[in-house]
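Participant: The lines below spell out each chain.
2 protein chains.
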Amino acid sequence: MDLQVQFGLRVKELRLKIGLSQEALAYKAGIDRTYMTGVETGKRNVSAKNMDKIIKALELPVPEFFNSALFN
Amino acid sequence: MDLQVQFGLRVKELRLKIGLSQEALAYKAGIDRTYMTGVETGKRNVSAKNMDKIIKALELPVPEFFNSALFN
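Chains as they are written, first to last, in the UniProt record's numbering: chain A, 1 to 72; chain B, 1 to 72.
None of these hints come from the bench; they were simulated from the model. Keep in mind that a hint or two might mislead.
Since the list gives no way to pick one copy over another, a pair counts as held whenever it fits inside one copy or between any two copies.
Pairs of lysine to aspartate or glutamate, EDC-like flavour, derived with a Cα cap of 20 Å [to be verified]: (1) Lys-28 / Asp-2; (2) Lys-56 / Glu-23; (3) Lys-49 / Asp-2; (4) Lys-43 / Glu-64; (5) Lys-43 / Glu-59; (6) Lys-17 / Asp-2.
Fair warning: this is a prediction, and the values are worked out from it, not measured in the lab.
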């Protein structure tokens, strides 16, 4: 699995954990909802800038966001 | 500091640690050398696909790559 897909799975995992809808997370991150759908499904080759927005919206330090077996 | 810049600093730190030139790391990652310069200097909004190539070329698990104070 490549990072693009792994990133999406991790975002979804954490989003559900804090009980946010995709729309709510997209709004909080300042990202278009359809773009967020593409990120979570691994279809979007998400950029560092948008990763940053999403991770900040999840309120997690970057090291903690990537500290998951999903990325092994 | 945003993720784009932090990522570049971490790549440079790890590249120097294993004694690779920018050119050698770019070649190993299958990425253009000038693009790699842009990544290291934080000028490139690097994508997940290219992050993946670079991290794999550094031979580090993704969680370990991001496990650095640079990302706090």
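Participant: Taking the hints in turn, state whether each one holds.
Facilitator: How the hints compare with the structure:
no.: 1; hint: Lys-28 / Asp-2; result: between (26 Å within a copy, 17 Å between copies)
no.: 2; hint: Lys-56 / Glu-23; result: within (16 Å within a copy, 33 Å between copies)
no.: 3; hint: Lys-49 / Asp-2; result: both (19 Å within a copy, 7 Å between copies)
no.: 4; hint: Lys-43 / Glu-64; result: neither (23 Å within a copy, 25 Å between copies)
no.: 5; hint: Lys-43 / Glu-59; result: neither (23 Å within a copy, 25 Å between copies)
no.: 6; hint: Lys-17 / Asp-2; result: neither (23 Å within a copy, 25 Å between copies)
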